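*Asks:* Spelled out, the chains give:
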Amino acid sequence: MLLNIVKSTALVAFTSCVLHAGEFNVQAEKDRIALGDYMVAKFKDAEKNKDKFFPYSTDDELKNNIKKDIPLEDFSMGNYAFSIQGQFSYNEIKDMPPYEELIEQGEEIYNDNKALQKCFPDVTIAGEYPYFDETKKEVVSLTGAINECLVSAGQKKWNEKKGKMAFVQSYFAYSTTEAEKKVDMKITSADAAAAYERGKEFYYTQRGYLKLSCATCHVQGAGKRVRNESLSQLVGQTTHFPVYRLKWGKDKVENGLGTLERRMAGCVKDQGQVPPKTNSKEMKELLYFMAYMSNGMNVDGPDVRK
Amino acid sequence: MKNLYSILAATGLALVISGCGSSSVSTPSNDTLDGKKLCNVESNGIETVLVTAVQYNKIAKEHGVEFKRLGMTNTQYIVGSQEALKTGAKRVVLLNKKGKPTKNSVTVSYAVERACKFAVSALTQEAEGKNTWRAAVPGDGFKY
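Going line by line, the protein sequences match chains A and B. Per this note's numbering, the very first residue in the first sequence carries number 1; after that it's consecutive. Per this note's numbering, the very first residue in the second sequence carries number 1001; after that it's consecutive.
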């Protein structure tokens, strides 16, 4: 009898915990689904929906450069998901990607560093970062976790934007992609939900002397052209980092690979504002929100971008 | 006369830095600041406008919304303007993203006005953003 009561109580407590934990991501799920629906609708038929979504684009551009009926999963390719011309050059670069040797360097660094092996015994974890640490009550990014690991082992921190940090992350991303894992973001407490909301507010708030929000370009502006570039969309934006940017690597191949923090700092600068520090609360919460918007998508990093 | 201006500017800046001058500049709520009025060099005088720039940029930095144009932060505009007023230079040299001087420069009054407008706009925009950001969220304020 007593055993039955204990069992029932435990079951009720467990169920309650699970249900309660599930409640905290309700808003984030709504946001993610609404964003995905918007992108799918926007790129269903750009030419036909010109007035609604692409009023300033040319007919020729919409007809010849924007693909139709793009499935949600394809958005993990960034703007190459819809840009026909962009995908052509992307496929050519991917035949012999410039980051291949940098993944190997990352693997070597990992294998030579016992502290890293101890902190990250499983290298297929790229889709699990950033996550909300319920003990520290803060978002932990992969960059922050790697540096914390190094420091706790008495080693020096790495540059958070490029170099060894990006090489090791590319090895993690590659291993995660090979393991066919997906982005796996969780929001399991009110604190985590609040961190997500702050990240969301940062993304959607206009800032800088140009008064642009991230969303101006990558939600409402996704698919539109700036000079000769088609703007990528928020959905799938974090699945493929670190990335090798041709712009970053023009002088030295090693500099071409960069972390998500490096890219985001560049974006905020482009808006006309001093970017938040790479390991700041603001930056980590921004990445947390962005990663959630790609939740459930395949990890497919590292990748190459212009 | 030029020396007198320099002394006045230096005194004003010293007061602001030490915190004594903070009560001399009006501090309405950030969403009602009028950048055009506050940052008008002709009507307010260059030193006063620079003091305003310093005051509001300090808050913008604390809030993490300081402006940066190309490679130059608003703090660098302010420092460049302060140096120019101190040395009597007529132009402020613009810096690149590594903080090195470029070939381009602007007049001191232009730099001061820009620094002030950037500082004020960062705060008014921040206050405005608190009420407008949801308008861009699909599934929330953004309809299509």
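Derived by calculation from the structure, the hints in this document are not laboratory data. None of these values were measured; they are calculated from a predicted model. Just to be clear, a hint being listed does not mean it is correct.
[Said to hold, decoys possible] Quick list of in silico lysine to any residue cross-link-like pairs, SDA-like style, CA-CA up to 20 angstroms:
1) B:Lys1098 x A:Gly272
2) A:Lys157 x A:Lys211
3) A:Lys211 x B:Val1041
[What the hints assert, rightly or not] Selected chain B positions facing chain A (Cβ under 7 angstroms, derived; list incomplete):
4) Gly1035
5) Arg1069
6) Glu1083
7) Ala1136
Glycine included, each C-beta is placed from N, C-alpha and C at the ideal position.
*Asks:* Output the numbers, in ascending order, of every earlier hint that fails for this structure.
*Replies:* Result: hints 2, 3, 4, 6 break, sorted rising.
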